[in-house]
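There are 2 protein chains.
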Amino acid sequence: MAMVAGRLGVTPMALYRHVANKADLLDGVVELLLTEFPSPPEGLSWSDRLKVLADNIRASGRRHPSVFPLLLRRPATTPEARKTRNAVYRALSDAGVPQDRIAQVERLVSTAVLGFAVSEAGGRFRHHSRGQIDADFTALQTLLRRFIDAEAEERVT
Amino acid sequence: MAMVAGRLGVTPMALYRHVANKADLLDGVVELLLTEFPSPPEGLSWSDRLKVLADNIRASGRRHPSVFPLLLRRPATTPEARKTRNAVYRALSDAGVPQDRIAQVERLVSTAVLGFAVSEAGGRFRHHSRGQIDADFTALQTLLRRFIDAEAEERVT
DNA sequence: ACCTGAACACCGTTCAAGT
DNA sequence: ACCTGAACACCGTTCAAGT
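Protein chains in written order, with the working numbering: chain A, 1 to 157; chain B, 1 to 157.
It is worth saying that the hints were derived from the structure and are not from the lab.
Heads up, some of the hints might be wrong.
[Unchecked claim] Computed, partial: chain B to chain A, Cβ under 7 Å:
hint, residue
1, PRO38
2, ARG73
3, GLU106
4, LEU108
5, SER119
6, LEU140
7, LEU143
[What the hints assert, rightly or not] Covered stretches of chain A, going by a simulated chain B footprint (3 or more residues, C-beta under 8 Å):
hint, segment
8, 31-37
9, 73-86
10, 99-110
Where a beta carbon is used, it is the ideal one built from N, C-alpha and C, also for glycine.
Please model the entire structure based on the sequences and the hints provided.
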């Protein structure tokens, strides 16, 4: 609170006119964070859209390691969070995942990507080279890609 | 610090004889946390060992939601953390995953399980029923199971 | 060897008071 | 409508002093 107020050239107490408390302010920061990865370009294939989305989320975590872990503490309830989730829904739908499976598949995929990004941002991979971490993330993406393909297959069967 | 000292019937300052600072104390708490999920019984199949391990980790997160997220902030460097990781290594080896792939597969699997457990402990799934969360975790486990099988397949090919 | 009192620098938050 | 001073209850941490 003190640092934010300082940046604004104001005392900490002035902030309470605009936010209820520190948690409320952090909610706003998380919302801003989500603004960083907009819906991916519509022209791309579903798998490319998912890839850029995942890459953007990860990059966002690298940029804001102290706030980013908060994403694991809140459901995607705000409008900005829903926008991102809906982009994933559309991609999964285009991939051929049956409608009644989409919600769960999204949860699993998002949790895996977020878990990786938070781990990296939090420093759990600090003993690994950047190249190794990149390779891990690529492997995670192909693993999830295969999972989505398998979910889509079952509809045809 | 104050609460820990209180439980011990001592002033906060007394703790600094035994730990360097708060971060050091938390390291000890995390280490204790890892003691909760011991290496799974040797007699089980590799997949069953992995399953009980994952279930135990998740249960531990549910029990200690405030400390558990710290696991995403530290590499498995302490002896107790290594013990758990080695159990996963052995299971993956028994599954037939080639030696040079085991480390990465372990990282991916652990990150996914941990990401889920931290999400649940942090309250990201608070709008979902317990049954739904359980189903999600089961789906995650079979997804990872398939991934490991695929990694093992490639050796034979 | 182990603990404490006093002190320091720092938090988030309230509320009456200012403009 | 917006900001501040003063105050409160709380942190983690140090260090000289106690036993």
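Each hint tested on the structure:
Annotation: PRO38 (chain B) was flagged as interfacial toward chain A, and the flag is violated, the nearest CB pair being 22 Å apart, outside 7 Å. The interface hint given for ARG73 (chain B) is met, as the beta carbon of that residue sits about 4 Å from the closest beta carbon of chain A, less than 7 Å. Annotation: GLU106 (chain B) was flagged as interfacial toward chain A, and the flag is violated, the nearest CB pair being 11 Å apart, outside 7 Å. Residue-level restraint check for LEU108 (chain B) holds (minimum Cβ-Cβ distance to chain A is 6 Å; threshold 7 Å).
The interface hint given for SER119 (chain B) is met, as the beta carbon of that residue sits about 5 Å from the closest beta carbon of chain A, less than 7 Å. Evaluation of the LEU140 (chain B) hint against chain A yields a held restraint, the C-beta minimum of about 6 Å falling below 7 Å. The restraint placing LEU143 (chain B) at the interface with chain A holds, with a minimum CB-CB distance near 5 Å, inside the 7 Å limit. Counting residues of the segment 31-37 of chain A whose C-beta sits closer than 8 Å to any C-beta of chain B gives 0, which falls short of three, so the coverage hint is violated.
For the segment 73-86 of chain A, the stated coverage by chain B is satisfied: 4 residues place a CB nearer than 8 Å to a CB of that chain, which reaches the threshold of 3. Counting residues of the segment 99-110 of chain A whose CB lies closer than 8 Å to any CB of chain B gives 3, so the stated coverage by that chain holds, three being the minimum.
Checked against the numbered hints listed earlier, the structure breaks hints 1, 3 and 8; every other hint is satisfied.
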